[in-house]
Every structure is written in C-alpha cells, then in structure tokens.
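For the sequence shown, the numbering used here assigns the number 1 to the initial residue and increments by one for each residue that follows.
Label pairs and their computed distance ranges (CB to CB): (1) Pro20 - Val298: 26 to 36 Å; (2) Arg231 - Arg150: 49 to 59 Å; (3) Glu59 - Gly406: 53 to 63 Å; (4) Arg4 - Arg231: 38 to 48 Å; (5) Glu59 - Thr6: 21 to 31 Å.
Just so you know, these hints were derived from the structure itself, not from any lab.
Virtual Cβ for every residue (Gly too), placed ideally from N, Cα, C.
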Amino acid sequence: MTRRSTVNGIPALWTEGPEPYTAALVVGAGVCDETLRTAGVAHLVEHLVMAAMPRTTLETNAWVDDELTVFHATGPREAVDEWLGTLCRVVRDLPLERLEVEARVLEAEDGAAAPPALAFMAGARYGTDGVGALGRHGAPSRTLTRDHVRDFVARRYVSGNAVVISTGAPPEHADVRLPDGARPTRPEARESRLALPGYVADPPVPLASWLVERTPVAPVLLTLVIEALTRSLRHDQGLVYEVDGGSSPVDDATLLAVLWADGAEEGQVRVLESTVGVLRDLAASGPEPSELAHEQAVARQRLTDPRGTVDRLVVGAYRLLAGRPVRTAEEESTDVEAVTREDVARAAARALETLLLAGTRPVPGGIAGVPDRTDDEPPPVPEVTGRPWTRRLLSTAPRDLRVVIGESGMTQTAHGHRHGGSWADLRGVAQGPDFRALVFADGGQTTVWPGHLRNGAEAIAEIDRRAGVLAFEVDADWL
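Kindly generate the complete structure, drawing on both the sequences and the hints.
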C-alpha cells in the first residue's frame, strides 16, 4: 500500500518495503526541461550535487532521464535520513566553483539520458523543445555558466516540483527541505515537418517508432511487437540477437514508443518489413488471446514483485509531479488486465498511421509500402523582408545563394530551396570558427557560411546581434 505524506513541505510517497531502508529525492528536472542553449544542465546539476556529498558507507547514486532527476540512498534509517538532509543543504548552496571541472567530466562521460534509439526518433519527429530535446545536438557542456545552473535550480528544485520516496516512514530530518515553489510549466514538443508514415536513413541499427495513447495499452502493444519479432527474427531466422524498446511522454495524452534491434546491416530491411507486418496483423485482428493473456500475466508479476518497490515509488512520484493519479500495484495490474484485443488493434492502427522507420542506408523503393523520406525537402519557409546578402563571385556555393535578414526572421536560399525561420522561433545559434548554425523550434537548422557571401562578416554580425544569449561557441566538428 502506497501512503502519502509531506516532509517539510515536500510531498512524500512511502510504503513498507523490504530491508534495507531506501529513500530518495525525486525532482521534476530532466532533459525535456532544458533548452538548446542549456543542454546538459540537468546532468551538470546532478554532478555538482553528488560531487559535494561527503564519503559514506551507504549505497548511494543519482541519475537523470528525460523528465526526472533522482538521488537515492540505501542503508540504516538514521544514516539515510542524514544523507538526504545533507543533499538538500548542498542543493540550496551548490559548489559552483566546481562547474568547469564537472562540465569537463560530463564531456568525458559522454552519457545520455535516453537510449540512442529513443533520442534519434525524438529528434527526427520533434523540434528542439520537450521530448525533442532528447535528440538535439545543443550547446557543449563547457559553455554552461553559473547563471544557467542557478536559473535551472531556482525553477526546478523547489518543494512543489519534488517528491520524497521511501521504503518505510519518510525521513523526519529538518534539513530535508527545498525552497517553496510550484511546479513550472514544461516546454511543449513541436512536431517536425517530416511527413508520416515514412522511412529515413541515418542510424546504424533498424528503428521503428509510433505514437500511442498514454493508457495501459501502450506497453502491451510495444511488448507484443517485441515478442513477435523476437520469435521470428531471432529464433526462426537468426537475423538478430535482441529486439528491445522504450518510450517517452510527448504530452499528457500521448507517448512516443520506440523499438530497436541489432544484427547485420544487410538484414535491416527484413527487420523493418517484419515490424510493419506485425503491426498490420495486430491492427487487423488484434493479438491471439493466449498472447495477450501471457503479457498481462507478466505485467502482474512485474508490478507485484517486491524487488520493484523502489522503482514503483519512482513511477508514483513521477505521476504525482505530472498531476496524474498515483496507482497501486494492484490497480495497475487490473488496468493492464482490462486491455482487450480490440484496444490493441486500435492502438496498432494508430501506430501504422504515425509510423517512422529508420535504418543505415536509403531505401528508394520504401519498406513494405512505407515511403523513403530521406531526401524529402521540408516545405519552404515564408520569405522575409530585409537586407539581402548574395553569393560572392569567386565561390563554390550554389549560384542562387541568398541570405535575407529582417526584423521578423531570416532565410537562406540555395539550390532553389528556402530555409530559415522567425526570431521568435530561434532556439540557438552555434558560433563556429567560420559558420553560424541557426536552430529553430521545429528542429530546422540553417547554416550560414560568411566566406561565400558578399560582405559576409556583416551578415554574421547581424545574426550574432539577434542571437543574444542564445549564442554559444562550438568547434568546427559540431556540425
């Protein structure tokens, strides 16, 4: 039974769990709360906090994902409570003198808050904000400043945006507290201009993604597809070793589901064809009753396993932060067992409508009727009125190269295609040694090379002026 309480103004969830005692601070601060300019700040804050914690014999750790940061400790009750109190003191007075060191550690770690497959699909399907941030190549960690960290912590590390969880009565330590504050609004994801269903070339392994309602049918559908592909592609054909998947929320009603597989490159098309085939079969007639019953039984076993107590408390904390009902393990099991074959069929039909496949190489003929959109040009952006810059006479750039910068935005035309966006939608400007890359909210990127323009230095100066605090320095290999 999950119980609710408060700890010095912070909501708390707890249940009597197996020994030893575990407690954690769950904060609604993840990659989806970052901007292109502040990419990596959630992870940097976690590093700064943990670097300042004293040595302990407790089992401790912390992690950051798409929507949460979690700090946890396991051991004797009194020592765990003291550790959480110390952690909250550190949060209130971060060791910002360590910022440069920890930023270098982040770059050395090169860690990601989401599986690469999920990050790729989020970036392909969405712009820079919300879930799209998982797949964005943003500012390098070394360009983060103390002000970026202070602002992120001031908005996110507040009592209304955190939950204390524990496998026993919650801590009573006076220092387990955060500044008062309400949960801030999370940036909304904006769909990219990629037409769906479709296929794109880039990742080293075959991927598939689709949208599904945030209901119990979402994990059931994903698991049914994974199981069917594992039987066919591994056990029957020997094409892959593993098929796996994951998901991330897009908004209050929708999840992005992603599936990936390993195996040789020459088998990628067959893997993706099989994925489409499984989804079509499920959309046509739903799963076999025995398959659905099996997945429901597995879900009940997982949800009621006492070894998953802490994980379920983290899920409960996430739901509480998102304003969703906190469900018991029994309630969640009952919800999954209520999923019908018709529910799965409807979810599979929507998956086919929103399907995006990906693999290493272009497939001009498409895959199982899903067209290859690798070389599709996005719709042209509206023309901007302003000062034009044209191609230098001695340049290898396209002859129609033209950059226009005005009060409302900028555009660049090359090879007959016009790209760019409005200043209101500008999310970042990468300042390279000989280029400027402007990134807009829909994920579009326009790279301006001043060396190809007449009076190109003046164009760069105007872009930098417009960029303001959104600008960040990068190396030549950032592109």
